[in-house]
Amino acid sequence: MTKTYDPGWEDALTVVQEVMPPFIPEGAHAMTVVIEYPPGSAGAPPHKHPSGPAFGYMLEGEMLFELEGEPPRVIRAGEAFWEPGGDVIHYSDANNRSDISSRFLVTMMCVPGQPMLTLVDDDELAARAHLRIPGQG
1 MTKTYDPGWE DALTVVQEVM PPFIPEGAHA MTVVIEYPPG SAGAPPHKHP SGPAFGYMLE
61 GEMLFELEGE PPRVIRAGEA FWEPGGDVIH YSDANNRSDI SSRFLVTMMC VPGQPMLTLV
121 DDDELAARAH LRIPGQG
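Per the numbering used here, residue 1 is the first one in the sequence shown, and the count goes up by one each step.
No wet-lab data here; the hints were simulated from the structure.
Just so you know, even glycine gets a beta-carbon here, dropped at the ideal spot from N, CA and C.
If a hint is listed, it holds; no wrong ones were tucked in.
Pairwise CB distance ranges, derived in the manner of DEER restraints: (1) R103 <-> D6: 23 to 33 angstroms; (2) A44 <-> T2: 45 to 55 angstroms; (3) E26 <-> T4: 34 to 44 angstroms.
When you get a sec, could you build the whole thing from the sequences and use the hints?
Structure below.
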């Protein structure tokens, strides 16, 4: 049986992110979610992904992205991002725009019996404040 295919199939692939994650726990499974925030949303409170790394892609809009040990930066539609998970605090996934929604896709490693996300309390934020890098300007 003859099958037809697009002769340009090899050029259809664009690598948007290639990283070496610090660890993927044994027994982990992947969970992919789409997150949508309205214009101006502050997003999720500071949190961690204790089960492992998370890999994302900005579908629409812009996100103000801040991880512990890195300065805040803006992720725009069509750009990829990742976080190592574990004990690293994710401070911000806020919608950076007040006029449009933001929408992004995230694939997270999850370990059975562990939460995929845990919130960070005020005491821990204060104790780790020295690890936060302020933004430019």
